[in-house]
Amino acid sequence: MKPVRSSPQTRLLIASLLNRPAEWRYGYDLSRETGLKSGTLYPILMRLAEKSLLETRWEEPSGDGRPPRHLYRLTGLGQRWARAEAPQTRPSRALKPAYGDRQ
Amino acid sequence: MTGTLATRAMQTILIRALRLYPPQTRAWGEAIVAESDSITEFTTAFSWTLGGLMVAFRAFFSNLIRRPAANNEPALLGPPPLPPPLPWKLALVCLAIAGALLLVPDLRQGLSITFSSWRSLFELSDDTALWEKIGLEAESKGDAAAMAFAAMRLGRDSARFNEAVRLAEHAVAKDPSLTWIYYGLTQHMDASRFHASPHPELTQRLQEWDPKNTIPYIAEAEYIANVHVNDPQWRERRYINLYTPVSQEDLARLRWLALMDRAFAAPTYDEYSDRRLDLDLQVMQRLGVINPQRVFNDYFANFPIPNLRNLYEYATLRVAQGEEAERAGQWENAASEYWFVAQFGQRMRLAGKSDLEAIIARELQETSFKHLQPVLIKLGRAQEAQAVAYAAQLQHAEQEETRMHRVSEWQRLDTFSVANALIIHICAIVSEASVLLMAVVLVAFVLRRAPGFVRFCLTYVPLLLLISCIGLLAAYHPYAEFYRSFLADHSAWDYESVVNFLMLSDVSQLRNDTITPVNFWWAIIAAAGAIAIWLASKTVWRTMRQQHD
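Chains as they are written, first to last, in this note's numbering: chain V, 855 to 957; chain E, 705 to 1253.
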């Protein structure tokens, strides 16, 4: 398996995922937290999933008519790889929210 | 994206964009759509939608160029569905029909014309070697017509002018009825060394051979006028006292006046254009070197028209002589001068092949009639004067009509002809690109590379090839019909149809416009090339960066 290209944006994302490694995260939340736009975020998520560094699942239907959302978290392999990559992340970038204010 | 109409519209766009995803990554598109339901702000929704579209297009194009190994990656949702079967039958039928269409001569002719018009932007077509070969072969076989044909073509090249004269003399020696080709050679004075040519006898021979025609005298008169074009006293040299020593310039002016007298008095006006076209078509067809570019571009780019300024200058001189006679009370002499110009104008108008000649001829007639009418009244020829006045009005009306006709003609050429030429060029580009793409696809198919690209191309390119071939055939067919009718009977050709053809094949040579069908499509090709280079550099940069990481 080829290694995932560790771009600054990728490192930003894995740092965010690594903050709460056990928690399933939504794409929009990750986008707001990392400041990455959807056009950048999803290709990285797709690549991580392809390399088995990220596990994904669909949310259970809530019953309020909203469509189920997609959830993401790092796999064990992903966490080990992320810990090696995350220290290179520049924190300043992560402070800029992509969509709206941070909650 | 709940709430506003705009956000709902954007969600709809994202849902529509799901079609761009290949089956194995479609779930990611659905994930982006599902997230969009949580976004309420318009700007955020807009930005999210834009990003979602980028992901969709990226997935679409990645799938086209993905190698088989890449498809073995785990899919997000279950096993990847089987790709739809290739429409082999449709592709084969399209290819078969397109192949059959490519056998249609009209289609091949259309492709050839557009292709050579693009090529001529980089490299001007030069058939000199072909004309030389034809000339040599004709000499060895004693083929006078082919020698004359080659002589006229080679005569345009100053470096080969002497060779052209030798061939022409050989041809005329074999067949004296071809003496008119000397006029073809004199018409290329500007492009040849005719000014300093050791062959001034060509026009003399032409005058001896065709003494009742205006053109041989004009040919020599034009030569004299061209030589003395920078003489500031050229126009004043008509008042020459023959009892005093005269200069070479004075003698030249006298010769010019004598030649123009004979030219205007000659009973026929024949530029030999019909004979020339007959000879061109007959020889090119016989030797199998005929094509539309050679027939139209070459022939009409070198259409023989006498120097109209020269004619106008002499006519003005005769009208001025008439005015002098009027001032001296010599009414008969004045009428005779005006009739002289008017009758020449009539001959030129009836026999001239170009609109320009018709315009100048009418102007000469109109001017001379206006002068003639009061003189005829003074001579007591009232009925004749009335007829002349009516003729002057008629000439004026026809002149206006011709001018308007030319304006509307160019409007049609600038709109309909350009549009049709663009359609033909785009169809030709698409069909040639489709053939090239099919070749690349077949190589990729044999090498088992880029299956997505192969699948996409095999599905759509045969269809594209068929549509472009049909479009080219339909759009080019009227041009091919005109070409056929021209070859069958060239006497009925009209200026607009010929220029229409030139618009398609070599408009840049005909008009000095910046935007021509050819230049337009080259601009598009250049833009596409720049995008391709940019994409390729980006890919190389990414690959290098990946290797570095």
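If you are wondering where the hints come from, they were derived from the structure by calculation, not from laboratory data. What you are looking at is a predicted structure, and each value in this text was computed from that prediction instead of being measured. Built from N, CA and C at the ideal position, the CB exists for glycine as well. Any given hint might turn out to be false.
To be verified - Here are the computed distance ranges between Cβ atoms for each label pair: (1) E/R1153 x V/W878: 20 to 30 Å; (2) E/F761 x V/E913: 19 to 29 Å; (3) E/A1236 x V/E914: 40 to 50 Å; (4) E/F761 x V/W878: 45 to 55 Å; (5) V/P915 x E/L709: 36 to 46 Å; (6) E/F761 x V/E914: 36 to 46 Å.
Claimed, not checked - Calculated cross-link-like contacts (lysine-lysine; reagent style DSS-like; alpha-carbon spacing at most 30 Å): (7) V/K891 x E/K1057; (8) V/K905 x E/K1242; (9) V/K905 x V/K891; (10) E/K837 x E/K878; (11) E/K916 x E/K793; (12) E/K1057 x E/K1074.
Taking the hints in turn, this is what the structure says about them:
Against the hinted window of 20 to 30 Å, the Cβ-Cβ separation of E/R1153 and V/W878 comes to about 39 Å, which falls outside the hint. The beta-carbon spacing between E/F761 and V/E913, approximately 26 Å, falls within the hinted interval of 19 to 29 Å. Between E/A1236 and V/E914 the beta carbons are some 47 Å apart, a value that agrees with the proposed interval 40 to 50 Å. The given range of 45 to 55 Å is broken by E/F761 and V/W878, whose C-beta atoms sit roughly 28 Å from each other.
Between V/P915 and E/L709 the beta carbon distance is about 26 Å. The supplied range of 36 to 46 Å is therefore violated. For the pair E/F761 and V/E914, the beta carbons lie near 31 Å from each other, so the given range of 36 to 46 Å is not met. Distance check on the hinted pair: V/K891 and E/K1057 sit about 70 Å apart at the alpha-carbon level, beyond 30 Å; violated. Among the hinted pairs, V/K905 with E/K1242 is consistent with the structure: their alpha-carbon atoms are about 23 Å apart, no more than 30 Å.
As the CA atoms of V/K905 and V/K891 are separated by approximately 22 Å, the hinted pair is consistent with the 30 Å bound. Under the criterion of a C-alpha separation no larger than 30 Å, the hint pairing E/K837 with E/K878 is consistent with the structure, at around 19 Å. For a cut-off of 30 Å, the pair hint linking E/K916 to E/K793 is broken: about 71 Å separates their Cα positions. Between E/K1057 and E/K1074 the CA atoms are separated by roughly 26 Å; this keeps the pair inside 30 Å, and the hint holds.
Hints 1, 4, 5, 6, 7, 11 from the list above are not met by this structure, while the remaining hints are.
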